[in-house]
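J.: Read off the chains here:
Number of protein chains: 6
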Amino acid sequence: MKDIYIADLANFEEGKLFNGFFLVLAKQQRTTKNNKPYLNLILGDKTGQLEGRVWELGDPRIAKDFDRGDIVKARGSASRFDDRLQMKIDQLRKANTSEVDKADLMPSTTYDVDDLWRRLLGFIDSFTDADLKLLLTTMLADPTVAGAYREAPAAKQLHHAWLGGLLEHVISLLTLADRVAPHYPILHRDLLLTGVILHDIGKVYELSWEIGFEYTVEGSLLGHIQMGTALAEKTIDSLPNFPPKLKTLVLHMILSHHGKLEFGSPKLPMIPEALALSFIDDLDAKMQAIQVEFDKCIREGKGPDEMTGKVWALDQRQLLNTKRWLEAGGK
Amino acid sequence: MKDIYIADLANFEEGKLFNGFFLVLAKQQRTTKNNKPYLNLILGDKTGQLEGRVWELGDPRIAKDFDRGDIVKARGSASRFDDRLQMKIDQLRKANTSEVDKADLMPSTTYDVDDLWRRLLGFIDSFTDADLKLLLTTMLADPTVAGAYREAPAAKQLHHAWLGGLLEHVISLLTLADRVAPHYPILHRDLLLTGVILHDIGKVYELSWEIGFEYTVEGSLLGHIQMGTALAEKTIDSLPNFPPKLKTLVLHMILSHHGKLEFGSPKLPMIPEALALSFIDDLDAKMQAIQVEFDKCIREGKGPDEMTGKVWALDQRQLLNTKRWLEAGGK
Amino acid sequence: MKDIYIADLANFEEGKLFNGFFLVLAKQQRTTKNNKPYLNLILGDKTGQLEGRVWELGDPRIAKDFDRGDIVKARGSASRFDDRLQMKIDQLRKANTSEVDKADLMPSTTYDVDDLWRRLLGFIDSFTDADLKLLLTTMLADPTVAGAYREAPAAKQLHHAWLGGLLEHVISLLTLADRVAPHYPILHRDLLLTGVILHDIGKVYELSWEIGFEYTVEGSLLGHIQMGTALAEKTIDSLPNFPPKLKTLVLHMILSHHGKLEFGSPKLPMIPEALALSFIDDLDAKMQAIQVEFDKCIREGKGPDEMTGKVWALDQRQLLNTKRWLEAGGK
Amino acid sequence: MKDIYIADLANFEEGKLFNGFFLVLAKQQRTTKNNKPYLNLILGDKTGQLEGRVWELGDPRIAKDFDRGDIVKARGSASRFDDRLQMKIDQLRKANTSEVDKADLMPSTTYDVDDLWRRLLGFIDSFTDADLKLLLTTMLADPTVAGAYREAPAAKQLHHAWLGGLLEHVISLLTLADRVAPHYPILHRDLLLTGVILHDIGKVYELSWEIGFEYTVEGSLLGHIQMGTALAEKTIDSLPNFPPKLKTLVLHMILSHHGKLEFGSPKLPMIPEALALSFIDDLDAKMQAIQVEFDKCIREGKGPDEMTGKVWALDQRQLLNTKRWLEAGGK
Amino acid sequence: MKDIYIADLANFEEGKLFNGFFLVLAKQQRTTKNNKPYLNLILGDKTGQLEGRVWELGDPRIAKDFDRGDIVKARGSASRFDDRLQMKIDQLRKANTSEVDKADLMPSTTYDVDDLWRRLLGFIDSFTDADLKLLLTTMLADPTVAGAYREAPAAKQLHHAWLGGLLEHVISLLTLADRVAPHYPILHRDLLLTGVILHDIGKVYELSWEIGFEYTVEGSLLGHIQMGTALAEKTIDSLPNFPPKLKTLVLHMILSHHGKLEFGSPKLPMIPEALALSFIDDLDAKMQAIQVEFDKCIREGKGPDEMTGKVWALDQRQLLNTKRWLEAGGK
Amino acid sequence: MKDIYIADLANFEEGKLFNGFFLVLAKQQRTTKNNKPYLNLILGDKTGQLEGRVWELGDPRIAKDFDRGDIVKARGSASRFDDRLQMKIDQLRKANTSEVDKADLMPSTTYDVDDLWRRLLGFIDSFTDADLKLLLTTMLADPTVAGAYREAPAAKQLHHAWLGGLLEHVISLLTLADRVAPHYPILHRDLLLTGVILHDIGKVYELSWEIGFEYTVEGSLLGHIQMGTALAEKTIDSLPNFPPKLKTLVLHMILSHHGKLEFGSPKLPMIPEALALSFIDDLDAKMQAIQVEFDKCIREGKGPDEMTGKVWALDQRQLLNTKRWLEAGGK
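Residue numbers (the numbering used here), protein chains in the order written: chain A, 574 to 904; chain B, 574 to 904; chain C, 574 to 904; chain D, 574 to 904; chain E, 574 to 904; chain F, 574 to 904.
Rather than coming from a laboratory, the hints here were simulated on the basis of the structure.
Take these hints with a grain of salt, some might be off.
Treat identical chains as interchangeable: a pair holds within one or across any two.
[What the hints assert, rightly or not] No more than 20 angstroms apart at the CA atoms, straight line, and that leaves these computed lysine to aspartate or glutamate pairs for EDC-like:
{"id": "1", "residue 1": "875", "residue 2": "900"}
{"id": "2", "residue 1": "729", "residue 2": "879"}
{"id": "3", "residue 1": "833", "residue 2": "855"}
{"id": "4", "residue 1": "883", "residue 2": "677"}
{"id": "5", "residue 1": "833", "residue 2": "888"}
{"id": "6", "residue 1": "820", "residue 2": "879"}
{"id": "7", "residue 1": "706", "residue 2": "751"}
{"id": "8", "residue 1": "609", "residue 2": "663"}
{"id": "9", "residue 1": "729", "residue 2": "878"}
{"id": "10", "residue 1": "661", "residue 2": "643"}
{"id": "11", "residue 1": "600", "residue 2": "783"}
Produce the complete structure using the sequences and hints provided.
T.: Below is the structure:
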């Protein structure tokens, strides 16, 4: 396990030494205005990323053989410059993957992925619609798809932006959908849950998460909605007796799940299940983004009377942590 | 019970006689282009409203002493003119309220109101927050408020637009909120449920439902958001020890429940409970509007392959009844 | 050939007899307010559609065995009621398909479809990119696809809304694209032309044009963008060596061709060819809609100083026929 | 009176010494990238705010016992770094409130507040409507309300963002309203003037202005529109015979004064007085913001041909000072 | 003076005879569905317009020699058909212009135009800026311009849509501007008043008001903003010493007076005078539209508790007549 | 010719000396936080602009007599500070205009202006409409207009933002328009080409390009649409027999060419030529902006898999260079 995380450095006394493992997200040689050359690095771990500078390039304690994508062990101290935190690094060597858990270097779910996966399969197992069950079982039996599904983040940065975030988001949604479905008799439960499981599956192609989270070129040009629809269609077409109407409905669930044309859905929800999916997907993403902000406020030492920073996923609104505010009032 | 309803007339053979009780929503004397005078009426019952004409004004079987707001018994036949249905009335007399159940004359909930009310009180009884429980108990102990809450429609025409619709909508929301709350630990369940119970309470002042559903002048100028907030504030201020922070949160729930400024909320949701309320309120209203459209399609004899008419509450979108479509396909 | 067209009736002297073949688009029995039953029909041919009424239901000259979708021969006279034209029909019999050219009953292109098709193949033949040429050749070699492509309208009502309209629109666009492409060296001509040929191909599934132009249920739920993308992807996947990058680009051309998210494209144009396609597609549709309006003005006898009616495809704007206006001024 | 103001420093020769009183708006200890610790302060006075740095922390001339919210006397020199002005402070001591006029430390109205207040009471005195006169007299007789009304800024930063700004804005509006009202006979003058006096009264609760101008938590969650409406309603309800219709109209004036839903008014103006109020309120705020920009241009030495910077309150537009531009042209 | 006006017919007992002068706005021969030919007319006078029908074409009391644009004397009775009022005409003859005051046939200002004109000249006379005074004097000395200015309506239908409406609107605005200008010292009074006088002067070319109010083709293609700017520029260019800066400012006043790009102003107000003009122009138009609606409610017999119909100029909002509502409450 | 360009410095090794001619776009004296005074300059040439600093103010090798707008020869080295490039200058002297080609100091077209001009005249020569030919010949015979037309940039920064950019953009558009016009028979070719030539002619007054590209005050207040329309109108009015209808059409072409009200066109295109002009103008501007971005990517060493930066003219979209991406894939 890592000893020190980037999030910890925020509260670090300036000048105090740290020593830890990081992923190199960017590396660039630069010169100060006094013509002093230095290395500028972006180092990341699962808690965030930070700029670091190496001033003594010739120092033998500074490795020369590392590059973007490598894991390094770096020693230094944090300093603040114009309100921006920065690391001054005095020792740095390339590390190998056995020294550190990769999960510590990229933000990743705090849940047990195997357990999440079992719960996913459990939901599928509960289906009464044999066609939908077969579709999902077939798709997730493909080890490439299953492997990527277990690893993928749910987004580049908005919500569940960590390894395993897609799966975590889907499990949360399945639980919620399973509570909402019986409340409205017009809802076809298995179709709704199928929509939940497939709605973001295109993200396994849209995003790459080797070194940070990036869009692939194909992802930029086609988008996860098209990529997911295509994967679903290909799998369905491989099943000899899949009912054509059900195919249309499954594809419509994926196509329409953003709920608005301007959010990139080419079709608006036109069946009750698609409408319900677009609502709970949006709610879950926002609730999770709020949770992250509340955690961040506590980590950064903000008081209970202070609202969060502006939340991107909520149109730059600032939120108040109800429970914490009430408790601080002695209630 | 009424023998014949306006909705039934849609499928009536033209010329066939009907005979039933209706509420007079409008009454006007007019003349044809051939100078023949006639009476033009708008008659309503719980299933809708229809234009009716009385051609033989001097006929002794046609009463002269009735007016807007009266209940009448009318006999006649339906005819269609340019795709618009119309009643030709040949007998009409004023009825008294003992002859017909008022619930048959105005659209009203199909649920048992006493039962809905018991469930509402049951939810309040389940609160662990004593202040919120006291607030709601106090407010609903006022017989004027309670009486109006049991009767009010939830909207003039968009969703739950019938007597008891407000209560029905709130019970649906409470059930849903009670399922959603435990899913997100940051949610204060009792505050969320309080928001559900109070969010539309201003409608008991915004709308009148004596003869059809109309906005009061005060309702037009102030709106149910302000009226509900004021009622909540007045009740809270009558409770000696209600925590000021909790007051702010309760009022914020009401103020922000439309979720968008352009929908008339003066504040956007800034606490997780308000965000969740705005989502489930919107979802429940839309699901109910869809249910009404699906029922209407079946009543009007549309086939399973036909989409609904354009749904106002869903931006004029047309919807497909998933289950019915699949079943028609032999699935 | 038909003797009389619906468009001709607009200028018909009222009461004068016509006698012609029409397609029955709708049929309904109704009753006047005086309880007189009559048949209400919507009759169509290639120039438009018109309401017709049969008053003498018992008349032996009025057939009883016809239905929606049938071709009939009808005799009657036109009349105008409240500015709306209507046919009064006194003779009507079912016709058989040999009596009339089906192309006369549905609006259809005025171009020779075989010639348009030859020009389409000619453009494909001119490609220097072998992969794209193979893709298009393969796709259009499928007789079902080719048959539908030759028949499909380009839209339900906005532009090129007639049989063969899709092909006519594509040929116009190919000609235009072929002139634009050499003007911008960054454009990949064959990719641009491929985009032109495929951009609306999903309409062969989205629309049905048996009796009038309607959306299929599948078309409503999935849309021609998804349907066309899926067809292209399936064909590409059947070609063993199609370059993956080229596949991404072809699919992106189809996905993005509406140019705006709010017009139903899930992706905005991100390559120069897609941008150019979205521009010329929009321009061609609008120019064609203007041409139709100008023709209509002349047919309806409007003067050169009068602007057109409000053009739907141009946001309800009214246009002026430049050349005609100038000529009327003696210039 | 202060000798030197922050606005003066903008034109200060770099390096020249200043010595003056300031309010400490923020205080933070930091370290340079060379590990040198320093104090970072935000100092303010009525003309603005500026960053200041204390480099010699151990210097006995630098006090240790001051904090955010304190008044200090500081000596130093200004410097410019990357276009940003900064103070280097070499002496600093805590001052007491008797040494400096608090009005010099926070931006505040240049008008005499007592005089503004007298004019406000004079307008109320001129009312012919006894109910409205009683309402306002009662409300402003409350010393807490009156005290806050005299001090409050009109906004956090958009317009009249200074102590006494609310009162100054209201007096300007009253004068304007009194000129506009007789121009339109449909306007109820006293109702319009009542709306002017009450429209922003909620700001006395929405904002805090102890140390800089901030939103209170309650202000963020409820907003000044709700807070002002509630205060008005409570005062009205304390008056035994206030006409209910007049109450509705007064509350509507406050609720609708932003003129658009998207600006946070839950109701659009539906009476002529509310419409007129929303217009003159908006005009006055914009004219005042323009005046501030014109003054700033002159203070910063901009020429008459130069337009202002982008004005936030005018959608980032730049404006030209008409009179100054014309005069510069010799006219 | 006319005996009977179209507005009076709204409250006419059906069948009662009227006899009056009207302007023929449209004339068309039609046939009923029973093949009975009739004349369909649109007749207008200063209070509105109404459809009229002549059933007895051969009747010698019905003139044959009249056409669109003629004045006629018509006798008949009003009837209501499907809520739409209609005139049945049994006598009709062409009238000559001496029989009726043309001002009775087109809606026109209720003010004395000569008096309005004197007030306009009075305002110009009060200018201290000699250049602006010369500009306006020169422009209004042109008898064509002055004649059209006195007659033109201010709009086709939104506000002041009557003969003399432009002048009436301008005088109202001048009075208002003269009250607002001294309130803001940054305003150049004469420039503001010049803007008021010229802002809509292009309407004398944009609209024709010979027979009803219509856009000219040139007006449709260029618009009154461009036409007014061009007229101002041409006049200025004819004045040898007009200051160039002042010319820019005057043109900017006209160009920007709609206040928003989407309302057809190619430039947003960038000087205080232009901003003020756009506000008072909008306010005056809306106040006048409200006045018209209030008058209409009284004329149509609506009660004081009823809101107006949906007002086009106020985004389809409904308004309440404050004073009338309060008075009805005994206040 | 210049030896070194600002664009070259981007890839310069830090510390390496350069020595070249630049235009001084801004000059300011400042002080570091250590009270060291220095000169801050913005230097530009045809490839861009860069901040430069002179640290040794007393050094005799640094001239004292230069100012904004002067050409200087400067020697120094580039350094990077916080990702921003900066020049450190150690020698600087005023240069005279004979030492350097002014075209090297401002970005300017890479085409031969004389040749572009000949092509412009060639297009005019090809007109069959004598009136339009005379209009353009007359206007371009004015040496002031012609001189400015040859020099003006097409925009301040969006597209063709370089000397000669307007002419280059117009020639590109003429070529394109000449290909599009024959494709649509309703288009009046000479009117379309006239629109192309005149649409942006107002930019010769709206922009100044002496030292960088700026809006003139007149340009800011009136805009190039008004300025171009006025120039066209004045020229037309000087031609005795120019047909009035043609004048309306020409002015409409200029007024409506932005295609949308919110882009500053006071009229939407209402003739086919205006619609076509707005499309090809927009397309050409965007294609050119893409070309510039693609060139920049290659210059900055981006790989073929990398998308461009966010393109302002394309709503901040990132684009992919199709041809380069395909080629990199071996295709």
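J.: For each hint, tell me whether it holds in the structure or not.
T.: Tested hints:
In this homomeric assembly, residue 875 and residue 900 come within 20 angstroms of each other (Cα to Cα) only inside a single copy, at 15 angstroms, whereas the closest approach across copies is 53 angstroms. For the homomeric pair residue 729 and residue 879, the shortest alpha-carbon distance between copies (17 angstroms) is at most 20 angstroms, but the shortest distance inside one copy (27 angstroms) is not. Proximity of residue 833 and residue 855 under a CA criterion of 20 angstroms is satisfied in both settings, with 11 angstroms inside one chain copy and 15 angstroms between copies. With identical chains, the CA atoms of residue 883 and residue 677 are never at most 20 angstroms apart, being 27 angstroms at best within one copy and 32 angstroms at best between copies.
Taking identical chains as interchangeable, the C-alpha atoms of residue 833 and residue 888 lie at most 20 angstroms apart whether they share a chain (16 angstroms) or sit on different chains (11 angstroms). Within a single copy, residue 820 and residue 879 get their C-alpha atoms only as close as 49 angstroms, which misses the 20 angstroms cut-off; across copies the closest is 18 angstroms, which meets it. Taking the shortest alpha-carbon separations for residue 706 and residue 751, only the intra-copy value of 16 angstroms comes in at or below 20 angstroms, while the best inter-copy value is 29 angstroms. Taking identical chains as interchangeable, the C-alpha atoms of residue 609 and residue 663 lie at most 20 angstroms apart whether they share a chain (16 angstroms) or sit on different chains (17 angstroms).
For the homomeric pair residue 729 and residue 878, the shortest alpha-carbon distance between copies (19 angstroms) is at most 20 angstroms, but the shortest distance inside one copy (30 angstroms) is not. In the homo-oligomer, the alpha carbons of residue 661 and residue 643 lie at most 20 angstroms apart inside one protomer (19 angstroms), although the nearest pairing across protomers, at 35 angstroms, exceeds that limit. In this assembly of identical chains, the alpha carbons of residue 600 and residue 783 lie at most 20 angstroms apart only when taken from the same copy (16 angstroms versus 41 angstroms across copies).
This entry does not satisfy hint 4, going by the numbered hints stated previously; all others are met.
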